[in-house]
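J.: Sequence:
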Amino acid sequence: MFSGRFGVLLTALAALSAAAPTPLDVRSVSTSTLDELQLFAQWSAAAYCSNNIDSDDSNVTCTADACPSVEEASTKMLLEFDLTNNFGGTAGFLAADNTNKRLVVAFRGSSTIKNWIADLDFILQDNDDLCTGCKVHTGFWKAWEAAADNLTSKIKSAMSTYSGYTLYFTGHSLGGALATLGATVLRNDGYSVELYTYGCPRVGNYALAEHITSQGSGANFRVTHLNDIVPRLPPMDFGFSQPSPEYWITSGTGASVTASDIEFIEGINSTAGNAGEATLSHPRVSTTVASGPSVVLLYYSIRRPTFHPHPAPPQFSPDRSTHSNRRPHRPHRPDRLRSPIRAAMFPAPSL
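Just so you know, the sequence shown maps onto residues -19 to -1, 1 to 332 in mature numbering (1 follows the signal peptide of the UniProt record, and there is no 0).
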């Protein structure tokens, strides 16, 4: 689904992408991984709800039933931030999940033109503080820095207060980019961080992708869907790379996602998933992408198979007997929906 001049621009940029090394491994994922991917898509969706980024609410809540599993837990907001007037419009929250002993940092994705100006400021800048030889997307780094000082201070304080809790970073689209950079920074500071991103664009060069892949202080769950263009931006010809591994959802928009539709792919800049020709030739994809890839948003949904939203993103089937699935988010602002939703829904930017 293209969106005006941004669709034209992003399509042109995507055409510049070069072939990349083949992956190290492709295999299915576990049921427990699917469950976690479903859960953190809901945490990412919660960052789109205005009551979670600019209010005094004491717990995490979502409109339109967008994060039921999150709301079932005993949660407490520790920090909410909405830096709309700063570069990139960075927004999100830090919350404690006392039921499951988690500290969760969730970043909102792109929702305004200002966000996309940040997204498209894709000049690489040196950043040896992240790793030797690292270069990072200028716009994403500026957006991260807008929240970094206060957020990292609060996280470190919370890690001391909530002893034994596991730290998670999550986000969709631009939010995924900020979560990736934030997790990298906290890992460099000695913290273990579990990272869940959905439709995350490339955030830096090969050295940074390699560093993120091999940090070892927490696992990376980079979820992509079909041949959506956002994870392939900015182009590799501009020096950008994606870390490993990738969790590639191959079910078409509106189709149920079964175990066989989920592929776990290892290899930096792998061509076996979203970035490669397989996205166009995959037998389950060829009949579902004729209208073109989604440019401004990605459909990563987790919802019950009986629900049929408009538009209908892929849904996960409860039948996981042979393999496990993972779930993507779906786009739309929860607070703008008129029908109940059991999913993470994400918004298109206001152009």
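Hints are supplied without guarantee of correctness; some may be wrong.
Stated by the list, open to error - Quick list of in silico lysine to aspartate or glutamate cross-link-like pairs, DMTMM-like style, CA-CA up to 20 Å:
(1) K135 x D16
(2) K135 x D109
(3) K137 x E126
(4) K82 x D107
(5) K82 x D16
(6) K137 x D107
(7) K82 x D218
(8) K82 x D63
(9) K123 x E52
Said to hold, decoys possible - The calculated label-pair distances, taken between Cβ atoms and stated as ranges, are:
(10) N79 x T119: 17 to 27 Å
(11) T147 x S31: 20 to 30 Å
(12) S141 x S39: 15 to 25 Å
(13) S9 x T80: 22 to 32 Å
(14) S195 x D35: 34 to 44 Å
(15) T133 x S31: 22 to 32 Å
(16) K57 x D170: 16 to 26 Å
(17) G220 x P49: 38 to 48 Å
(18) S55 x I104: 16 to 26 Å
(19) G114 x T142: 17 to 27 Å
(20) N40 x T147: 28 to 38 Å
(21) L64 x S39: 35 to 45 Å
(22) I104 x N81: 18 to 28 Å
(23) I104 x N32: 13 to 23 Å
Read the hints as simulated data drawn from the structure, not as lab findings.
Glycine included, each C-beta is placed from N, C-alpha and C at the ideal position.
J.: Are the hints correct? Go through all of them and say.
T.: Structure-based check of all given hints:
1. A C-alpha spacing of about 28 Å is found between K135 and D16, which places the hinted pair above 20 Å, so the restraint is violated.
2. Taken as a hint, the K135 and D109 pair is broken in the structure, with Cα atoms around 24 Å apart against an allowance of 20 Å.
3. Straight-line distance between C-alpha atoms of K137 and E126 comes to about 16 Å, which keeps the hinted pair within the 20 Å bound.
4. For the suggested pair K82 and D107, the alpha carbons sit about 36 Å apart, so the restraint of at most 20 Å is broken.
5. Note on K82 and D16: the hinted pairing holds, with a Cα-Cα distance of about 16 Å set against a maximum of 20 Å.
6. For the proposed pair K137 and D107, the alpha carbon gap of about 26 Å is over 20 Å, so the pair is violated.
7. Of the supplied pair hints, the one linking K82 and D218 is violated, its CA atoms being roughly 42 Å apart against a limit of 20 Å.
8. Straight-line distance between C-alpha atoms of K82 and D63 comes to about 25 Å, which puts the hinted pair past the 20 Å bound.
9. A hinted pair counts as satisfied when its Cα atoms are at most 20 Å apart, and K123 with E52 does not qualify at roughly 32 Å.
10. At roughly 38 Å, the beta-carbon separation of N79 and T119 lies outside the given 17 to 27 Å, and the hint is violated.
11. The hinted window of 20 to 30 Å between T147 and S31 holds, with their beta carbons roughly 27 Å apart.
12. The beta-carbon spacing between S141 and S39, approximately 21 Å, falls within the hinted interval of 15 to 25 Å.
13. Range check, S9 to T80: Cβ separation about 29 Å, and the 22 to 32 Å hint holds.
14. Separated by about 37 Å at the C-beta atoms, S195 and D35 satisfy the suggested range of 34 to 44 Å.
15. Taking 22 to 32 Å as the suggested C-beta distance range, the pair T133 and S31 conforms, at roughly 24 Å.
16. A hinted range of 16 to 26 Å holds for the C-beta pair K57 and D170, which are about 24 Å apart.
17. Between G220 and P49 the beta carbons are some 41 Å apart, a value that agrees with the proposed interval 38 to 48 Å.
18. Roughly 44 Å separates the CB atoms of S55 and I104, a value that falls outside the hinted 16 to 26 Å.
19. Checked against the given bound of 17 to 27 Å, the beta carbons of G114 and T142, roughly 36 Å apart, lie outside it.
20. At about 19 Å, the beta-carbon gap between N40 and T147 misses the expected band of 28 to 38 Å.
21. Taken as a hint, the range 35 to 45 Å is violated for the pair L64 and S39, whose Cβ atoms sit roughly 22 Å apart.
22. Taking 18 to 28 Å as the suggested C-beta distance range, the pair I104 and N81 does not conform, at roughly 40 Å.
23. Range check, I104 to N32: about 36 Å between beta-carbon atoms, so the 13 to 23 Å window is missed.
Of the numbered hints given earlier, the model fails hints 1, 2, 4, 6, 7, 8, 9, 10, 18, 19, 20, 21, 22 and 23; all others are met.
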